[in-house]
Amino acid sequence: MGQAYSTIAFDPAKCDGCGKCMTACASVKFDSTDTTRSLIQIVRSGGARIEPPRPGEFELALCRQCADPKCVTVCPAGALGKNGTTGVIDWDASKCVDCLLCTIGCTYAGIALDEHSGRVSKCDTCEGKPACVPACPTGALRHITTARIYNEVGSWEDLFAPGLAGCQGCNTELLMRHALRRVGPDTVLATPPGCVPGMGSVGFNGTTGTKVPVFHPLLTNTASMLAGVKRQYERVGRKVTAMAIAGDGGASDVGFQSLSGAAERGERILFMVVDNEGYMNTGMQRSSCTPYGAWTSTTPIGAHGRGKTQDAKNLPMIMVNHRCEYVATASTAYMEDLYEKLDKALAASERGFAYLHVYSPCTTGWRFQSALNIEVARKAVESNFVTLWEYTPEAGLHFTRPVDKPLPVADYLKAMGRFRHLSPEQVEHIQNKVAENLRFVRKIAEQADEQ
Amino acid sequence: MHTTDYLIAGSSHAALEAINAIRMHDGDGSITVVTRDPHRPYSPTVLPYVVSGRSTPERVFLRDDDFFTANKVDYRSGCALAGLDPAAHQARLADGSTIGYRKLLLATGASPIVPPIPGIERVDYHVLRTLDDATRLRAAMAASKNAVVLGAGLVGMHAAENLVKAGASVTIVEMSKQLTSGYFDEVAAGMIEQAFLGNGAKIRTGHRVVGLEPSADGATLKLDNGDTIPTDLLLVAVGVRPELGYLDGSGIATERGILVDDTMRTSAEDVWSAGDCAQARGFFTGTPVMNAILPDATLQGRIAGMAMAEDPGLKPYAGGLPLNTYHFFGRHAISVGSAAVPEGGRAQVRFDAASGRYLRAVFDRDERLTGIFGVNEFFDAGVMAQLILRRTDLGPLRERFFAQPLATGRELMSQLWR
Ligand SMILES: Cc1cc2nc3c(=O)[nH]c(=O)nc-3n(C[C@H](O)[C@H](O)[C@H](O)COP(=O)(O)OP(=O)(O)OC[C@H]3O[C@@H](n4cnc5c(N)ncnc54)[C@H](O)[C@@H]3O)c2cc1C
Ligand code: SF4
Ligand code: SF4
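Heads up: the protein sequence lines correspond to chains W and E, in order.
When you line the first sequence up against the UniProt record's numbering, it's residues 1 to 451, in that order.
When you line the second sequence up against the UniProt record's numbering, it's residues 1 to 418, in that order.
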């Protein structure tokens, strides 16, 4: 398994060109107030000459700590090299002969001449604590440390069989492998009919697709069967995690009775819902989680049909109303957030019912290019089409990724084919629904704040 | 007979990049490297710094034995290629043995040209291309009082500066009217010349050496105007050319170098070539040119390796671009692209005598950058090269670009290939 690394991310939409990152860098690296010496350079873009400058007019020149670093390949002195532990391209001042060839090799202006010292200089990410990031007042710079998760998880055992029969670009494999790696080998897994068994959790040709005991309950009885299995293990004194990975159809429609019952009884299980907003595995029929206006094979587009005519059920909020031990929503576009929630859900499932609802775009059923899954997932959050939060009975509900300036929901809808037919009125309906949903969840969050 | 999937001749930049590219796509195919040099891989470009003492022979190696073990590369130094039979997929080595290959890369670089000056075979002279050359030159430099550098290209000029700093009296003899021609324009060359003169070097441009005689100290040069110059250290640095002797009888097409297409494939089946020995498409001319520079050697080596491993990610060569950086007496000079003004295009020049900053930029008739040259004016050469290769229309930005090539280049970069 390869190594993943932390990185500094830049959001041009948030940068207002204040230059505080450059001040911080020049000061930390050279004890200087001269921002031209900073290793991070904010440059005005597009020849914009509007005063005062506005966000969106700035670009970044900063070493990207390339995986395929051209600066390294052209250095004749062996002075540059990728550090296998940190991922940083290290510069060895004692080997460098100041030939400047690296500035020819790099096409990103990531290594440049520092005219004061006459030597090249480049960002070294301040030994993993970049000084520029906390200096940024707008949040345009972020230090992304998600890599830690991949490295850590990569060293745990993969409990799914290699190779899965999922659609190209589906993020459910990511979810299944990560979640199972995290909960570990002492797990009994329930995967009711849906994409997860379709991908192979229940196996092929008489062998299971997982390295833990897995069973295939009916859509209707997943939570009750799993509760029984867990109780039996408790009775014989064995500590196991009882986990379900179910689709939204299996959880919010036919499986809802057993889910609600198990939650109400406080069964000690971890119930993860992979919400792709429909019965995708069986040919993309609508479910109660399918949003208004969406095309599915049972809400077709034609002379009369304009997609689904009802709004989606907000299943995670319904679970909050069961006062479960833990309820959270998550997205694969925000893995750090998802991981924190998975950890908390796992811990909560020792005490009572833990419910994790993961929004999971479906390349095939939602009709977008297979490379865009994470992008679509991110837009769903950025437009507030879905919101990321967590709930415990003690602390109440809190947003974990509040969105200050949401994208218009149309930006999200445009990212996929299932909404292509929408009329302006339908888009407006959805935008209003987004606002209403947000108001509703916010109210509950505010109540928690008042406590 | 030893056989191998990939046979690579040469162990420098082009060869090393090819190994990386092959291993990126093919983790198992056997790789054998045969190289004439007795050492581990190093760069000829670092040698001037070995001569000056800035670096040392032990510290210049680009790969260690672990690299070859980890990448499963059979590395054979002191083992030169001597002949080829492409039809039989066999290579003959200098020691008479034969290696069978599935695919072959010729990355044997170039060697210094030794001009046919009458008497040259009777005098002791230096060249600078290998680590052993550098060690020998460094030793000779310590004792030299009267050095002559033949050829005012970058290799010669760099060596001349080292000799000046080591305390020798140095004369640079150059056939053409200008120093560093082909790299820098007249103004930049004039600045370089002033710096050398100011530091006590003598410069004899526009002169040819017509004879060499051994003397008690070393040699005496005779110039075409009859002048004689005595010397105790003669460095010949008039340019390089690939040694292609091992191709005799192989039928592989050559001109000034080994002719290759845009995937570095030669005229023979399963034989590729990259680096200083290859003659590949020039970006401006579209015809095969020699572009013997390090960045191009790495790029061509990468392409050749990908082609040999049949990596589907291969993007064909866009053509070679001249790219050079050069330091002289504390100043730096950078040249990117072509100095010639294309038809209908224009050159813009600014010079600030006080700071010694000089900038020349060349644009074609469509306001696209074709070359940029600076002395003491830093810009990101890699970004400039991309602007040229992408044929970026600078249009309304041209004036600002010329005033601030660093900032404007970065701005364009962020928009075009961030
Ligand atoms: C002093 C000096 C300074 C330079 N400065 C610069 C600079 O500042 N910028 C720049 O861009 N370029 C510079 N160059 C040029 C640059 O070093 C070359 O372009 C680059 O090294 C070419 O790489 P290559 O792999 O093609 O070949 P080379 O580096 O020439 O290596 C050729 C390899 O082939 C091996 N070989 C040769 N013949 C045989 C044979 N018959 N069989 C097997 N192996 C063989 C050699 O041992 C060597 O390993 C400089 C060169 C010199 C000499
Ligand atoms: S200096 Fe440039 S080439 Fe090197 S790692 Fe940084 S961005 Fe990549
Ligand atoms: S300036 Fe230093 S780091 Fe850059 S290529 Fe030259 S020797 Fe390597």
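Because the hints were derived from the structure by calculation, they are not lab data.
Given the structure is predicted, the values throughout are model-derived calculations rather than measurements.
Backbone N, C-alpha and C fix where the C-beta goes; we use that ideal spot for every residue, glycine too.
Some hints here could point you the wrong way.
Stated by the list, open to error - Here are the simulated lysine to aspartate or glutamate pairs, EDC-like style, with alpha carbons at most 20 Å apart:
id	chain 1	residue 1	chain 2	residue 2
1	W	K82	E	E310
2	E	K165	W	D98
3	W	K95	W	D114
4	W	K82	E	D65
5	E	K315	E	E58
6	E	K315	W	E173
7	W	K14	W	D68
8	W	K414	W	E336
9	W	K95	E	E310
10	E	K72	E	E310
11	W	K405	W	E436
12	E	K165	E	D232
13	W	K129	W	D90
14	W	K82	W	E127
15	W	K433	W	D411
16	W	K95	E	E58
17	W	K414	W	E425
18	W	K14	W	D31
19	W	K82	E	D64
20	W	K14	W	E375
Unchecked claim - Interface residues of chain E toward chain W, partial, derived using beta-carbon atoms under 7 Å:
id	residue
21	Y49
22	R54
23	L62
24	G200
25	I203
26	T205
27	H207
28	L259
29	D380
Let me make sure I understand: some of the numbered hints might not hold for this structure. Which ones are they, in numerical order? Violated: hints 1, 5, 6, 7, 8, 9, 18, 24, 25, 26, 27 and 28.
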